[in-house]
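Asks: So you can see what is in the structure, the chains are spelled out below.
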Amino acid sequence: MQTDSTARDAITDPVIEVRDLDKTYEGGFKALKGIDLTVRRGEIFALLGPNGAGKTTLISIICGIVNPGTGTVTVDGHDIIREWRKTRTIIGLVPQELKTDAFETVWNTVRFSRGLFGKAPDDAYLEQLLKDLSLWDKRDAKILMLSGGMKRRVMIAKALSHQPTVLFLDEPTAGVDVELRRDMWAMVRRLRESGVTIILTTHYIEEAEDMADRVGVINKGELIVVEEKTALMQKLGKKQLRLQLHEPLSGLPQALSAYGLELNGKRDEITYTYDTQSERTGITALLRDLAAAGIGFKDLSTRQDTLEQIFVELVKEGA
Amino acid sequence: MNLHGIRAIYKFEMARTGRTLMQSVLSPVVSTSLYFVVFGSAIGSRITSVEGVSYAAFIIPGLVMLSLLMQSVSNASFGIYFPKFVGTIYEVHSAPLSYLEIITGYVGAAATKAIVVGLIILATARVFVDYSIAHPAVMILFLVMTTVAFSLFGFIIGIWADNFEKLQVVPLMIITPLTFLGGSFYSIHMLPPFWQKVTLFNPVVYLISGFRWSFYGLADVNVGISVAATLVFLALCLTGVWWIFRTGWRLKA
Numbered sequence: 001m002q003t004d005s006t007a008r009d010a011i012t013d014p015v016i017e018v019r020d021l022d023k024t025y026e027g028g029f030k031a032l033k034g035i036d037l038t039v040r041r042g043e044i045f046a047l048l049g050p051n052g053a054g055k056t057t058l059i060s061i062i063c064g065i066v067n068p069g070t071g072t073v074t075v076d077g078h079d080i081i082r083e084w085r086k087t088r089t090i091i092g093l094v095p096q097e098l099k100t101d102a103f104e105t106v107w108n109t110v111r112f113s114r115g116l117f118g119k120a121p122d123d124a125y126l127e128q129l130l131k132d133l134s135l136w137d138k139r140d141a142k143i144l145m146l147s148g149g150m151k152r153r154v155m156i157a158k159a160l161s162h163q164p165t166v167l168f169l170d171e172p173t174a175g176v177d178v179e180l181r182r183d184m185w186a187m188v189r190r191l192r193e194s195g196v197t198i199i200l201t202t203h204y205i206e207e208a209e210d211m212a213d214r215v216g217v218i219n220k221g222e223l224i225v226v227e228e229k230t231a232l233m234q235k236l237g238k239k240q241l242r243l244q245l246h247e248p249l250s251g252l253p254q255a256l257s258a259y260g261l262e263l264n265g266k267r268d269e270i271t272y273t274y275d276t277q278s279e280r281t282g283i284t285a286l287l288r289d290l291a292a293a294g295i296g297f298k299d300l301s302t303r304q305d306t307l308e309q310i311f312v313e314l315v316k317e318g319a
Numbered sequence: 001m002n003l004h005g006i007r008a009i010y011k012f013e014m015a016r017t018g019r020t021l022m023q024s025v026l027s028p029v030v031s032t033s034l035y036f037v038v039f040g041s042a043i044g045s046r047i048t049s050v051e052g053v054s055y056a057a058f059i060i061p062g063l064v065m066l067s068l069l070m071q072s073v074s075n076a077s078f079g080i081y082f083p084k085f086v087g088t089i090y091e092v093h094s095a096p097l098s099y100l101e102i103i104t105g106y107v108g109a110a111a112t113k114a115i116v117v118g119l120i121i122l123a124t125a126r127v128f129v130d131y132s133i134a135h136p137a138v139m140i141l142f143l144v145m146t147t148v149a150f151s152l153f154g155f156i157i158g159i160w161a162d163n164f165e166k167l168q169v170v171p172l173m174i175i176t177p178l179t180f181l182g183g184s185f186y187s188i189h190m191l192p193p194f195w196q197k198v199t200l201f202n203p204v205v206y207l208i209s210g211f212r213w214s215f216y217g218l219a220d221v222n223v224g225i226s227v228a229a230t231l232v233f234l235a236l237c238l239t240g241v242w243w244i245f246r247t248g249w250r251l252k253a
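Taken in order, these protein sequences are the chains called G and B. Heads up: the first sequence begins at 1 in the working numbering, then just goes up one per residue. Heads up: the second sequence begins at 1 in the working numbering, then just goes up one per residue.
Treat the hints loosely; a few may be bogus.
[Unchecked claim] Capping the alpha-carbon separation at 20 Å, the derived lysine to aspartate or glutamate pairs in EDC-like fashion look like this:
id, chain 1, residue 1, chain 2, residue 2
1, G, Lys229, G, Glu193
2, B, Lys252, G, Glu97
3, G, Lys86, G, Glu17
4, B, Lys252, G, Glu83
These are calculated hints, taken from the structure and not from any lab test.
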């Protein structure tokens with residue numbers, strides 16, 4: 001198991017620090033078990049996990065929606081219990097479900113959200129926000145008249161209405177069409193560039209792979225890994241070399257057994273799995289031994305595990 | 001103090017009244033006017049006066065109080081129940097708002113709406129009956145104390161309720177009977193001695209009695225006791241709300 005605690009000292013500018021956080025719901029369900037997590041200022045942090053893993057509970061505690069159990073959480077150096085007013089002022093949340101005031105107009109609901117978070121009215125900022133989210137034309141429309149995608153944009157506008165510096169996006173692209181998803185991620189990148197720290201959960205792991213600087217995987221209430229995305233993929237992702245042979249083989253020669261090669265069904269492709277982290281990958285030796293065995297190949301390619309494959313493996317190990 | 005937050009909740013709730021004007025304002029005014037017509041004109045022609053006050057004028061404080069209690073409870077309970085029902089309550093929880101600020105916003109709006117309805121009913125009554133207010137300051141005091149106390153009570157009901165039926169049960173099954181049996185349409189001195197004693201267990205008696213005293217100087221119970229009873233009820237509701245926020249009962253997991 002790899003947790004963030006070992007890397008804690010290396011994080012020089014933390015914005016969220018979670019220490020030994022536990023949460024047990026009424027009825028005894030233990031949703032979080034000793035969570036240690038540090039989120040850096042200005043990064044995009046992807047929190048991945050299967051349904052019921054504890055992602056939403058963790059986010060809800062940090063945002064003040066769910067009471068914490070034991071442990072501590074600080075946001076920008078402020079404790080979420082003792083200095084709740086400060087921490088909540090700087091946090092924005094886009095919840096997983098579409099929860100909106102159906103009979104309100106877009107404009108009124110966004111102004112309401114800004115006021116709720118203690119900010120004076122700023123119509124110019126809200127106008128720009130709605131324009132950025134392609135909602136300006138819908139500002140006088142009642143929310144119940146909007147499509148699901150538009151409602152999702154309203155949720156984001158509400159979360160950004162008070163100009164938070166830490167933004168939680170809990171499954172922001174669930175049920176969202178491709179175009180909106182693309183717009184949304186473009187906006188997330190712009191927010192990051194403006195200095196906003198973003199913590200997102202998503203079931204679309206290719207999105208996390210594309211967007212995140214760091215990745216945390218949570219399963220059954222435990223944070224099983226927190227790592228730089230690229231490092232995680234290098235460390236845990238298998239890399240494979242595939243060789244397409246000139247002629248099908250009847251079997252693999254005994255001399256190549258040490259490489260753990262796999263021969264495909266047609267017996268015309270060899271797959272070699274190697275570790276990119278080790279000092280020697282064994283590729284040079286393999287190619288030499290193949291030549292010595294008289295096995296020629298016409299093409300070769302390499303492929304690496306996706307974040308999704310790594311995620312599935314991690315969750316399977318923890319099961 | 002998050003004044004912008006309080007104002008946001010207050011304005012949001014008041015705007016809802018604007019959207020539901022028929023239900024929020026016209027409906028209670030029309031139904032109370034019907035009471036004036038039926039009780040004031042029909043029955044009033046047979047009961048000419050109660051302790052020197054015309055019957056039509058006598059029932060005005062009770063009818064206003066009936067409306068105040070119903071409106072306070074309904075507005076406040078719906079105000080907090082609806083965001084729970086649709087899930088938008090998450091935003092209030094995650095906002096930098098103290099319990100006091102949340103209550104001020106919701107209860108302030110509910111009490112304001114109830115007072116507005118009460119004042120409209122008083123103005124409407126003037127169309128049917130000639131009445132006077134002997135102690136306007138005390139009348140305002142009762143108006144405010146009662147609406148705030150019952151708005152707090154409604155707030156508790158809204159948090160307790162987990163369906164729309166429960167939201168209606170308390171106003172319809174408890175508040176309305178207590179108000180009808182609390183001297184809205186009669187002086188409790190008109191009851192047999194045994195029922196006079198039983199009626200004193202009805203807290204609404206003290207509210208109506210005190211409110212009526214502010215109009216005509218007539219009271220079923222001492223006005224000081226009425227004020228004290230209202231304050232006790234207010235304190236009980238404040239304690240209940242404080243406990244709810246303290247524990248997160250039915251609000252936070």
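Asks: Hints first: check each against the structure and report whether it holds.
Replies: Outcome of the hint check:
1. G:Lys229 with G:Glu193: holds, 18 Å
2. B:Lys252 with G:Glu97: Between B:Lys252 and G:Glu97 the Cα gap is close to 17 Å, so the pair holds against 20 Å.
3. G:Lys86 with G:Glu17: Judged against 20 Å, a Cα distance of about 15 Å means the pair holds.
4. B:Lys252 with G:Glu83: At roughly 18 Å apart (the allowed maximum being 20 Å), G:Glu83 and B:Lys252 satisfy the hint.
Of the hints listed earlier, there is not a single one the structure fails to meet.
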